[in-house]
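Chemist: Here the sequence shown stands for residues 1 to 300, numbered as in the UniProt record's numbering.
Keep in mind the hints are simulated off the structure, nothing from the lab. Here the structure is a predicted model, which is why all the values come from computation and not from measurement. C-beta: ideal position from N, C-alpha, C; glycine also. Hints should not be assumed to be uniformly reliable.
Said to hold, decoys possible - So the derived label-pair ranges between C-beta atoms look like this:
#  : residue 1 : residue 2 : range
1  : Ala43     : Ala200    : 35 to 41 Å
2  : Ala56     : Arg162    : 22 to 28 Å
3  : Glu210    : Arg242    : 17 to 23 Å
4  : Asp204    : Glu46     : 37 to 43 Å
5  : Ser285    : Leu18     : 43 to 49 Å
6  : Thr156    : Ala89     : 19 to 25 Å
7  : Ala300    : Glu176    : 27 to 33 Å
8  : Lys13     : Ala207    : 44 to 50 Å
9  : Pro192    : Thr245    : 46 to 52 Å
10 : Ala234    : Gly77     : 35 to 41 Å
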Amino acid sequence: MSRRCAVLDAMPKLRGRLDFDAPLAPFTWFRVGGPAERLARPADAEDLLALLAEEAGPVTVLGAASNLIIRDGGIRGLVLRLPARGFGAVEVQSDGVVAGAAALDATIAEHAAAAGLSGLEFLCGIPGSLGGAVAMNAGAYGREIRDVLDWAEIATPNGLLRLDAAGLRLDYRHAELPARGVVVRARLRAEPGDASAIAARMADIRAAREATQPVRARTGGSTFRNPEGHKAWALIDAAGCRGLTLGGAQVSEKHCNFLLNTGGATAAELEALGEAVRARVLAHSGIALEWEIKRLGEVA
1 MSRRCAVLDA MPKLRGRLDF DAPLAPFTWF RVGGPAERLA RPADAEDLLA
51 LLAEEAGPVT VLGAASNLII RDGGIRGLVL RLPARGFGAV EVQSDGVVAG
101 AAALDATIAE HAAAAGLSGL EFLCGIPGSL GGAVAMNAGA YGREIRDVLD
151 WAEIATPNGL LRLDAAGLRL DYRHAELPAR GVVVRARLRA EPGDASAIAA
201 RMADIRAARE ATQPVRARTG GSTFRNPEGH KAWALIDAAG CRGLTLGGAQ
251 VSEKHCNFLL NTGGATAAEL EALGEAVRAR VLAHSGIALE WEIKRLGEVA
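Work out the full structure: start from the sequences and follow the hints.
Modeler: This is the structure we're talking about:
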């Protein structure tokens, strides 16, 4: 029996899709990285729960992969990607929005705005999906997920849990999910507001992003966390790293807390450039930058 057949026999019957040696680079904003040993796209929450209950090996969850470097050797074990069909529904309520983990943050903001609900405008400035936003307490323009989260439903090997912001211990770009937990959907608070003011706020956010960030490049969002009392981009700029290159990787000229794939970068080059920036900042300012971008997988 081949290894692939043995793995299939050991797994629960998946109603979604399962691929072996599946390319992951096309899913990531950087467009780099090796394959998944196994890539599963469950049909719905029930399918996901059955998969988690039976899977004994490592499990990695991919959202929109907008803040992620997948290393060139790829990811071992099972990689989960929740498809929009089954996990992308958005339901607008009188005082909030319930959305699936695969729903894009910007789409949720647009649904809320169309219903005249205020408080979720900041989501249009976060280039990702709701599951990832909850898993890292994403934020932008003065607000974070913890400011608006009522609850999140988390699929675990032992069933479905519903946790609030306190239960997830949401902190700056951090959440504590249960072991092997996967965000399935969440409810975000909002309140009735003036439709024209909501639209204007979202337009301002989009214009600010366009003016200050390389939104049309192959990038991964903010590379490093802002240290207490500092802006990461300012530390990087002061250390002389604006425009710094390594192979096909570059520190953005437009916003130097963004790394770019200029066309032919490898994951190794992007990560090495990030480490070079960290070293220069430490030498110049004495401050150790911490990665905000997630780096997953094996070195080739």
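Chemist: Next step is simple, just say for each hint if it's right about the structure.
Modeler: Hints versus structure:
1. Ala43 - Ala200: 35 to 41 Å: Since Ala43 and Ala200 have Cβ atoms about 40 Å apart, the given range 35 to 41 Å holds.
2. Ala56 - Arg162: 22 to 28 Å: Since Ala56 and Arg162 have Cβ atoms about 26 Å apart, the given range 22 to 28 Å holds.
3. Glu210 - Arg242: 17 to 23 Å: 19 Å, holds
4. Asp204 - Glu46: 37 to 43 Å: Once the Cβ atoms are compared, 41 Å apart, the range 37 to 43 Å for Glu46 and Asp204 holds.
5. Ser285 - Leu18: 43 to 49 Å: Since Ser285 and Leu18 have Cβ atoms about 48 Å apart, the given range 43 to 49 Å holds.
6. Thr156 - Ala89: 19 to 25 Å: Cβ of Thr156 to Cβ of Ala89: about 21 Å, so the range 19 to 25 Å holds.
7. Ala300 - Glu176: 27 to 33 Å: 31 Å, holds
8. Lys13 - Ala207: 44 to 50 Å: This hint holds: roughly 49 Å between Cβ atoms.
9. Pro192 - Thr245: 46 to 52 Å: With a Cβ separation near 49 Å, Pro192 and Thr245 satisfy 46 to 52 Å, so the hint holds.
10. Ala234 - Gly77: 35 to 41 Å: With Cβ atoms ~39 Å apart, the hint holds.
The structure fails none of the hints (numbered hints given earlier).
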